[in-house]
Each structure stands twice: as structure tokens, then as C-alpha cells.
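Peer 1: Chains as they are written, first to last, in the working numbering: chain G, 1241 to 1441; chain F, 1241 to 1441.
If you're looking for bench data, these hints aren't it; they were derived computationally from the structure. Just so you know, not all the hints are guaranteed correct.
Put simply, identical chains are the same to the list, so a pair is met inside one copy or across any two.
[What the hints assert, rightly or not] In silico DSS-like cross-links for lysine-lysine, where the CA-CA straight-line distance does not exceed 30 Å:
1. 1341 with 1441
2. 1425 with 1242
3. 1421 with 1243
4. 1341 with 1421
5. 1243 with 1425
The primary structure of each chain is shown beneath.
2 protein chains.
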Amino acid sequence: MKKIAIVLFNEVEVLDFAGPFEVFSVTGRRAIGQPLDVFTIAEHSRIAARNNLIITPTFTFHNHPTPDVFLIPGGGGYHSDSTPFGSRREMHNPVMLHWIKSHAEKAELILSVCTGALILARTGLLDGLEATTHFLAVNTLRELAPQTRVATEKRFTDNGRIITSAGVSAGIDMAFHVVEKLQGKEVALETASYMQYDYWK
Amino acid sequence: MKKIAIVLFNEVEVLDFAGPFEVFSVTGRRAIGQPLDVFTIAEHSRIAARNNLIITPTFTFHNHPTPDVFLIPGGGGYHSDSTPFGSRREMHNPVMLHWIKSHAEKAELILSVCTGALILARTGLLDGLEATTHFLAVNTLRELAPQTRVATEKRFTDNGRIITSAGVSAGIDMAFHVVEKLQGKEVALETASYMQYDYWK
Chain G
1241 MKKIAIVLFN EVEVLDFAGP FEVFSVTGRR AIGQPLDVFT IAEHSRIAAR
1291 NNLIITPTFT FHNHPTPDVF LIPGGGGYHS DSTPFGSRRE MHNPVMLHWI
1341 KSHAEKAELI LSVCTGALIL ARTGLLDGLE ATTHFLAVNT LRELAPQTRV
1391 ATEKRFTDNG RIITSAGVSA GIDMAFHVVE KLQGKEVALE TASYMQYDYW
1441 K
Chain F
1241 MKKIAIVLFN EVEVLDFAGP FEVFSVTGRR AIGQPLDVFT IAEHSRIAAR
1291 NNLIITPTFT FHNHPTPDVF LIPGGGGYHS DSTPFGSRRE MHNPVMLHWI
1341 KSHAEKAELI LSVCTGALIL ARTGLLDGLE ATTHFLAVNT LRELAPQTRV
1391 ATEKRFTDNG RIITSAGVSA GIDMAFHVVE KLQGKEVALE TASYMQYDYW
1441 K
């Protein structure tokens, strides 16, 4: 089974990771398609997602199978004293940036949701590509990645190996696009139908 | 702040709870609307959601604030040896049924997503009402609740105090409907816009 790693960090936006986690988890579990091996992974062994949803990741950065596909979600911002949290902290976290760079070389697909694109941008992976992010982070992405075309009008951008999506719920559409890319339109439609996601046609 | 309890159990479908959790968590956190106090709660202190997403609930049934609103998600089915899991186990769990019945008396709103409706049906709360569930569980709901009109054509049904939604992703739409009901159309639209959920108009 293809290995799909959903990367977590403190203050990650819940739907950013839970939407694609759901899509990939239910793909290929009925009459058609191939099941995927979906797991969560983080630097630390206890994650407090947004609004204090406490998650124990399946693996940490020190102990995990090599992913075929990995996803960087977003979320976070700045506290009133300017301390960054969530993606705004992770985009300056050398451990996160190193993990992404080293696994990006081998991965078949690299995905971001929402402000996860800011973290990818800091690794240089978005240079020369078309990317999108949460609508409130468009200017930040432009500043971080001047060699990236920021597609504000798209729900997701597909550069072949690197796929980015707009804010929060757009990650769900991006995940169906990835299922279609990996296993074809019929499997993506069947997965959307199972999830009663009437918006994916 | 209004207290919104998201009830969890083993094998709960991830998007069933994570979609509404996200919607309620981000409501009223910007220029308009009132924030909500959203938390997870379960019988046990460690929950393995579908595909082994491990969650530590904020509270257990033995120690939690009284919710103004509570949500019963779905998920689950039967193993090959006919052992029920997820909602199909919880619909026969006296602890779960007792918790629902005792908190239903005081709650302002009672919500279900997907096969969470099967659990609500077993408490008698859906008798005489219109309800919906995952499309694959429609016949089961009809058998469990012969005095309930099962609205297979609707994404959610609103009976005033008891609101049910169809499968998995329909819980997101139902949650926006609840935000609109509690705080008005403008707040629901602003929340959907923040989440880039273009499908809620």
C-alpha cells in the first residue's frame, strides 16, 4: 500500500489535516480502488491541535516508515506579543525544514494545505512553481517565495509532484484530486460519494 | 460562552467530528460573532478514531462541564465475525445511551452526524421527528426508529432542538446551519469564508 504521511505540529488547524486524512483513509476500502496506508507523524509525541484537540501521532520524526506522499497542513498565526505559533513557528523550525527537505527528495507527491504552503516555501520547494494558500496569507507567501506564482483564484494548484491547496476546507478537494491522480476519476468519485461530499464532481 | 461538546468513541469517523469541531472552533474568532467553547468528551480517556487516529478527549463522562449543545458523530460497522464497532457498538452501550438521555433533557441543541443518528434513535429522541443518516444506513435507521421520518433527500434535518445530518462531510454543512441558527446568517457566512468553504451560501 502507498504510504501517506500527514505531518502534524502544535496548533495545526484541525480540518487542514483531518479532511485529507479522512479522504485518504476511506479510499479503496469498498468495491473499487486501492486502500492507502495513512498515518500521522510529528516531531513530538503529543500534539495539541487548534482548540486543544490532543493527538498522539502514529510516528515521530525519529521512527517512521518512508512516505510515498506527505502532507503539510497549516494553521496558526502570531500571539499578541508577536510570538509565532502553528505554521508561523514551524516555518522557522530547522527540524521541520530538514525533515521536509530530506523526504522531499524521495517522495512521489508533496502536498500542502492552507498555510502549510508557507512552510514548504521556506524549504525552496515552491520556487518556480504555482502555489496557493489561505487567502489571508497570500501576501506572506509572496514575500517568502518571490519566485513562486501565487494563484489566489484556485482551490488547489498541481505542479506534477508538488500540490498546494487554499485554506482549510480546500484541502478536502485537493485530496480528492490526489486520489484521482493516483487511482483515476472513478475511484475519486466513489470516495466522494461514500463521504457524501456532493461538491466533488 | 456556549459550551459545545463533541462526543467521541472508538472507531468514530474522523471527519464526522473534525468537520463540526473546526466550524464551531473558528466561529466568532474574528470581527463578528461570539466564540464558542468547544471540547471533546468520551466515556474513556483514550480514543482510537477511524484508521487509528489517537485522541485524548478534553473530558470524560465522569468529569465535564454541562454542554449547551452536544454532537454525536458516526462511523463504524461490523467486523467479519459480526462484532459491531464504532456507532454500531455504541448504539447498544448503556453508558452512552444513559449519558445522552440525561444530557438531552437540559441541552439547547442535540446534533448527530452520519450514523450518530442510529445512536440517537436508540434513545427514543428521534421518535416523531424527521432525521437523516449516512445513505448506507437508511434502512437500519428505519428499522430502529419506525416512528421517525427518514429524509434521504436532505443533507440535514432541523427539528428545532434536534438536528441530524447525512454522512461524513454533511456534518460540516449542518454545523454551519447551527452557527446560522445560533448567531445569524452573517456569522455563518463569515465562518465559511474563513474556512474557504465555498459551498455554504
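Peer 1: Would you mind marking each hint as holding or not holding in the structure?
Peer 2: Consistency of the hints with the structure:
1. Taking identical chains as interchangeable, the C-alpha atoms of residue 1341 and residue 1441 are never at most 30 Å apart, the minima being 34 Å within one chain and 40 Å between chains.
2. For the identical chains of this complex, residue 1425 and residue 1242 are intra-copy neighbours only, at 18 Å inside a copy versus 42 Å across copies, given an alpha-carbon limit of 30 Å.
3. Only within a single protomer do residue 1421 and residue 1243 lie at most 30 Å apart by alpha-carbon distance; the minimum there is 15 Å, versus 41 Å between protomers.
4. Taking CA atoms no more than 30 Å apart as the test, residue 1341 paired with residue 1421 passes inside one copy only; the shortest distance there is 23 Å, against 46 Å between copies.
5. For the identical chains of this complex, residue 1243 and residue 1425 are intra-copy neighbours only, at 20 Å inside a copy versus 41 Å across copies, given an alpha-carbon limit of 30 Å.
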